[in-house]
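Undergrad: Sequence:
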Amino acid sequence: MLRGVISLLAIALLAFTTVTTLSGNVRPQGMDELHKTGKVVMVTRNSPTTYYDDRDGATGYEYELAKAFAHYLGLELEILVADNLEGVMAALESGQAQFAAAGLSKEQTADYPLHYSPSYMTVSEYIVMRRGGERPTSLNDLAQSSLMVTAHSRHASSLRRWQRDELPSLSWQESTDLEASDLMQMVSDGDLDFTMVNSNEFQMMQTYLPNLEVAFTLGDLQNVAWSFPQNSDDGLAQEAFNFFYQAETGAVLAELSERFYGHLGQFDYVGAQRFLRHSQRALPRYLAHFQKAADDNNFDWRLLAAMGYQESHWNPKARSYTGVRGIMMLTQNTASELGIENRLDPLQSIEGGGRYLAKLRSRIDDEVQEPDRTWMSLAAYNVGYGHLSDARKLTSQLGKNPNLWIDVKDSLPLLSQRRYYRNTRYGYARGQEPVNYVQNIRRYYDVLVWNDEQYATIGEGSDALQLSSLNVTVVPPLL
Numbered sequence: 048m049l050r051g052v053i054s055l056l057a058i059a060l061l062a063f064t065t066v067t068t069l070s071g072n073v074r075p076q077g078m079d080e081l082h083k084t085g086k087v088v089m090v091t092r093n094s095p096t097t098y099y100d101d102r103d104g105a106t107g108y109e110y111e112l113a114k115a116f117a118h119y120l121g122l123e124l125e126i127l128v129a130d131n132l133e134g135v136m137a138a139l140e141s142g143q144a145q146f147a148a149a150g151l152s153k154e155q156t157a158d159y160p161l162h163y164s165p166s167y168m169t170v171s172e173y174i175v176m177r178r179g180g181e182r183p184t185s186l187n188d189l190a191q192s193s194l195m196v197t198a199h200s201r202h203a204s205s206l207r208r209w210q211r212d213e214l215p216s217l218s219w220q221e222s223t224d225l226e227a228s229d230l231m232q233m234v235s236d237g238d239l240d241f242t243m244v245n246s247n248e249f250q251m252m253q254t255y256l257p258n259l260e261v262a263f264t265l266g267d268l269q270n271v272a273w274s275f276p277q278n279s280d281d282g283l284a285q286e287a288f289n290f291f292y293q294a295e296t297g298a299v300l301a302e303l304s305e306r307f308y309g310h311l312g313q314f315d316y317v318g319a320q321r322f323l324r325h326s327q328r329a330l331p332r333y334l335a336h337f338q339k340a341a342d343d344n345n346f347d348w349r350l351l352a353a354m355g356y357q358e359s360h361w362n363p364k365a366r367s368y369t370g371v372r373g374i375m376m377l378t379q380n381t382a383s384e385l386g387i388e389n390r391l392d393p394l395q396s397i398e399g400g401g402r403y404l405a406k407l408r409s410r411i412d413d414e415v416q417e418p419d420r421t422w423m424s425l426a427a428y429n430v431g432y433g434h435l436s437d438a439r440k441l442t443s444q445l446g447k448n449p450n451l452w453i454d455v456k457d458s459l460p461l462l463s464q465r466r467y468y469r470n471t472r473y474g475y476a477r478g479q480e481p482v483n484y485v486q487n488i489r490r491y492y493d494v495l496v497w498n499d500e501q502y503a504t505i506g507e508g509s510d511a512l513q514l515s516s517l518n519v520t521v522v523p524p525l526l
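Add 47 to the 1-based position in the sequence shown for the working numbering, that's all there is to it.
Hints may be right or wrong, so weigh each one.
SDA-like, lysine to any residue: derived pairs with alpha carbons at most 20 Å apart [unchecked claim]:
{"hint": "1", "residue 1": "Lys153", "residue 2": "His325"}
{"hint": "2", "residue 1": "Lys86", "residue 2": "His118"}
{"hint": "3", "residue 1": "Lys153", "residue 2": "Ser246"}
{"hint": "4", "residue 1": "Lys364", "residue 2": "Asp347"}
{"hint": "5", "residue 1": "Lys447", "residue 2": "Asn470"}
{"hint": "6", "residue 1": "Lys86", "residue 2": "Glu111"}
{"hint": "7", "residue 1": "Lys86", "residue 2": "Asn131"}
{"hint": "8", "residue 1": "Lys406", "residue 2": "Lys364"}
{"hint": "9", "residue 1": "Lys153", "residue 2": "Tyr163"}
{"hint": "10", "residue 1": "Lys440", "residue 2": "Leu391"}
{"hint": "11", "residue 1": "Lys406", "residue 2": "Ser443"}
{"hint": "12", "residue 1": "Lys440", "residue 2": "Arg402"}
{"hint": "13", "residue 1": "Lys153", "residue 2": "Thr264"}
{"hint": "14", "residue 1": "Lys447", "residue 2": "Gln210"}
{"hint": "15", "residue 1": "Lys364", "residue 2": "Asn345"}
{"hint": "16", "residue 1": "Lys339", "residue 2": "Lys447"}
{"hint": "17", "residue 1": "Lys447", "residue 2": "Gln464"}
{"hint": "18", "residue 1": "Lys83", "residue 2": "Lys339"}
{"hint": "19", "residue 1": "Lys83", "residue 2": "Glu111"}
{"hint": "20", "residue 1": "Lys83", "residue 2": "His118"}
{"hint": "21", "residue 1": "Lys153", "residue 2": "Lys339"}
{"hint": "22", "residue 1": "Lys364", "residue 2": "Asp343"}
{"hint": "23", "residue 1": "Lys153", "residue 2": "Pro165"}
Computed spacing ranges between beta-carbons, pair by pair [said to hold, decoys possible]:
{"hint": "24", "residue 1": "Tyr473", "residue 2": "Gly121", "range": "15 to 25 Å"}
{"hint": "25", "residue 1": "Val317", "residue 2": "Ser367", "range": "17 to 27 Å"}
{"hint": "26", "residue 1": "Asp342", "residue 2": "Asn278", "range": "50 to 60 Å"}
{"hint": "27", "residue 1": "Arg182", "residue 2": "Leu268", "range": "38 to 48 Å"}
{"hint": "28", "residue 1": "Asp188", "residue 2": "Asn289", "range": "39 to 49 Å"}
{"hint": "29", "residue 1": "Lys364", "residue 2": "Phe288", "range": "58 to 68 Å"}
{"hint": "30", "residue 1": "His82", "residue 2": "Asp188", "range": "35 to 45 Å"}
{"hint": "31", "residue 1": "Glu181", "residue 2": "Gly85", "range": "56 to 66 Å"}
{"hint": "32", "residue 1": "Ser166", "residue 2": "Tyr473", "range": "55 to 65 Å"}
{"hint": "33", "residue 1": "Asp315", "residue 2": "Leu517", "range": "31 to 41 Å"}
{"hint": "34", "residue 1": "Ser367", "residue 2": "Asp315", "range": "13 to 23 Å"}
{"hint": "35", "residue 1": "His82", "residue 2": "Leu517", "range": "23 to 33 Å"}
{"hint": "36", "residue 1": "Asp281", "residue 2": "Gly85", "range": "40 to 50 Å"}
{"hint": "37", "residue 1": "Phe263", "residue 2": "Arg469", "range": "45 to 55 Å"}
Read the hints as simulated data drawn from the structure, not as lab findings. Glycine residues also receive a C-beta, built at the ideal position from the N, C-alpha and C atoms.
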């Protein structure tokens with residue numbers, strides 16, 4: 048159950064189960080009625096690109112954007128979670144939800160009577176395969192292969208259009224049990240030849256499943272937007288237009304793009320495979336140390352582990368030309384300050400690294416909120432607190448927000464340019480290095496979280512996905 052102003056409800060495909068109390072009036076509401084209830088209800092899907100729970104509660108790109116919209120309206124945000132497109136549309140049609148923020152494109156929902164917000168993202172449809180296989184170039188090449196998509200999804204609709212208009216011999220499978228992440232896992236495991244997903248979904252999942260690659264792109268770019276039922280008062284849809292066209296929302300969109308996608312960057316297949324090998328072989332030896340240091344300093348152990356990998360690849364004997372040593376690559380001065388006697392001892396190094404990161408975090412202004420506070424703390428660990436302070440002051444001088452990592456990370460590289468660093472307190476710094484440092488740690492952290500959740504699911508008794516146990520429908524050719 049979520050805290051504060053966000054309440055959570057779960058809905059099945061067509062039948063809705065209320066988790067918290069909804070208004071008894073399920074008819075579409077105008078703005079006056081919404082303000083009387085004090086809330087606005089959004090329907091979404093549970094996925095890495097829309098809405099999910101992490102250790103700090105609810106999050107996700109669509110969720111955070113909708114929360115900003117609710118704040119703009121002066122209303123509480125209430126959430127419905129639908130299994131698929133049909134569930135999303137059913138929630139709108141019945142009046143259980145006033146708008147949908149589910150990563151859906153205007154093109155995908157064109158057959159439904161809807162109003163739309165301005166588009167805030169464009170995505171492509173990718174045919175995804177396992178790396179190393181024979182690469183097809185079009186749907187014609189998939190005739191003898193297994194292709195599966197989520198039932199009632201934009202991808203199922205796209206394939207039907209292709210079958211109807213261009214390729215009547217096309218056949219594929221659809222499942223009501225699987226989301227894009229499940230299908231990509233099956234392709235990665237070799238249980239499925241191909242699937243079809245959004246470009247942003249692939250970009251996020253490739254970090255966790257590095258042996259996936261894009262076979263080809265299908266169709267044109269599609270415009271992701273919020274959906275509003277046409278049978279309702281259009282006041283909320285108009286408010287959405289006002290919200291998206293205000294300057295503050297542009298800053299919110301930029302911040303969310305940085306938060307959820309900014310660290311992904313250019314994919315490094317070799318580096319990703321190396322990290323997975325290390326996480327299986329080396330990390331278990333130091334897992335308890337990372338967990339203890341995290342508990343002692345109020346961090347997620349997976350963040351400290353990701354940091355340790357970035358520093359030393361979890362090598363307790365690591366050293367650099369500058370004299371830093373150990374898993375967390377502590378300087379001699381920092382180790383002495385923290386009372387660390389042996390930097391090469393894994394436990395002492397990890398505990399010292401956790402304590403030092405916590406110390407840096409405590410020095411950052413209270414106005415800096417999470418997750419920006421953590422990213423700036425990591426940057427300070429790498430480049431020094433003084434240079435981070437210089438970068439934040441420079442950010443202000445450039446008319447940007449020194450409390451947002453998205454702005455500070457643009458200023459850090461400027462510390463290597465004389466016209467900027469000559470007016471700072473701490474002078475020259477290799478400012479691109481902390482930016483890369485934070486980006487890499489965020490990527491490693493995401494993978495560790497993903498792996499940890501997968502192992503936890505298996506530990507609870509869930510079996511690996513098996514085609515024989517899934518609700519799968521074969522869509523036959525039209526010929």
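Undergrad: Look at each hint and say if it fits the structure.
TA: Against the structure, the hints:
Between the alpha carbons of Lys153 and His325 the distance comes to roughly 43 Å, so the proposed pair goes past 20 Å and is violated. A distance of roughly 10 Å separates the Cα atoms of Lys86 and His118; the hinted pair therefore holds under the 20 Å criterion. Our distance criterion of 20 Å between C-alpha atoms is met by Lys153 and Ser246, whose separation comes to about 16 Å. The straight-line distance between the Cα atoms of Lys364 and Asp347 is roughly 24 Å, outside the 20 Å bound, and the hint therefore fails.
Annotation: proposed proximity of Lys447 to Asn470 holds, straight-line Cα distance about 18 Å (limit 20 Å). Straight-line distance between C-alpha atoms of Lys86 and Glu111 comes to about 16 Å, which keeps the hinted pair within the 20 Å bound. Only pairs whose Cα atoms come within 20 Å are accepted, and Lys86 paired with Asn131 is rejected, the gap being roughly 24 Å. The hinted pair formed by Lys406 and Lys364 fails the criterion: a straight-line CA distance of about 24 Å is larger than 20 Å.
Straight-line distance between C-alpha atoms of Lys153 and Tyr163 comes to about 7 Å, which keeps the hinted pair within the 20 Å bound. For a cut-off of 20 Å, the pair hint linking Lys440 to Leu391 is broken: about 36 Å separates their Cα positions. About 24 Å separates the Cα atoms of Lys406 and Ser443, which puts this hinted pair outside 20 Å; it is violated. Restraint check for Lys440 and Arg402: the C-alpha separation of about 26 Å exceeds 20 Å, so the hint is violated.
Under the criterion of a C-alpha separation no larger than 20 Å, the hint pairing Lys153 with Thr264 is consistent with the structure, at around 18 Å. Straight-line distance between C-alpha atoms of Lys447 and Gln210 comes to about 50 Å, which puts the hinted pair past the 20 Å bound. For the given pair, Lys364 sits about 26 Å from Asn345 by alpha-carbon distance, which is inconsistent with the 20 Å threshold. Distance check on the hinted pair: Lys339 and Lys447 sit about 38 Å apart at the alpha-carbon level, beyond 20 Å; violated.
Annotation: proposed proximity of Lys447 to Gln464 holds, straight-line Cα distance about 19 Å (limit 20 Å). For the hint linking Lys83 to Lys339, the alpha-carbon distance of about 49 Å lies beyond 20 Å, and the restraint is violated. Proximity of Lys83 to Glu111 is assessed by CA-CA distance (about 24 Å); at most 20 Å being required, the pair is judged violated. Annotation: proposed proximity of Lys83 to His118 holds, straight-line Cα distance about 16 Å (limit 20 Å).
Between the alpha carbons of Lys153 and Lys339 the distance comes to roughly 48 Å, so the proposed pair goes past 20 Å and is violated. Distance restraint check for Lys364 and Asp343: the Cα-Cα separation of roughly 24 Å exceeds the 20 Å cut-off, and the hinted pair is therefore not satisfied. Only pairs whose Cα atoms come within 20 Å are accepted, and Lys153 paired with Pro165 is accepted, the gap being roughly 10 Å. Here the CB-CB span from Tyr473 to Gly121 is close to 43 Å, at odds with the stated 15 to 25 Å.
At roughly 22 Å, the beta carbons of Val317 and Ser367 sit within the given window of 17 to 27 Å. Taking 50 to 60 Å as the suggested C-beta distance range, the pair Asp342 and Asn278 conforms, at roughly 52 Å. One distance hint, 38 to 48 Å for the beta-carbon pair Arg182 and Leu268, is violated here, with the actual separation near 22 Å. A hinted range of 39 to 49 Å holds for the C-beta pair Asp188 and Asn289, which are about 47 Å apart.
In this structure, Lys364 and Phe288 meet the distance hint of 58 to 68 Å, their C-beta atoms being roughly 59 Å apart. For the pair His82 and Asp188, the beta carbons lie near 55 Å from each other, so the given range of 35 to 45 Å is not met. A hinted range of 56 to 66 Å for the beta carbons of Glu181 and Gly85 is consistent with their spacing of about 57 Å. Restraint check, Ser166 to Tyr473: a C-beta distance of roughly 43 Å breaks the suggested window 55 to 65 Å.
For Asp315 paired with Leu517, a C-beta distance near 33 Å keeps the hint of 31 to 41 Å intact. Hint check: Ser367 to Asp315, Cβ distance near 21 Å, so the stated range 13 to 23 Å holds. Evaluation of the 23 to 33 Å hint for His82 and Leu517 yields a failure: the beta carbon distance comes to about 44 Å. Asp281 and Gly85 have their C-beta atoms about 21 Å apart, which leaves the hinted 40 to 50 Å range violated.
The given range of 45 to 55 Å is respected by Phe263 and Arg469, whose C-beta atoms sit roughly 51 Å from each other.
Taken one by one, the earlier hints fail for this structure at numbers 1, 4, 7, 8, 10, 11, 12, 14, 15, 16, 18, 19, 21, 22, 24, 27, 30, 32, 35 and 36, listed in ascending order.
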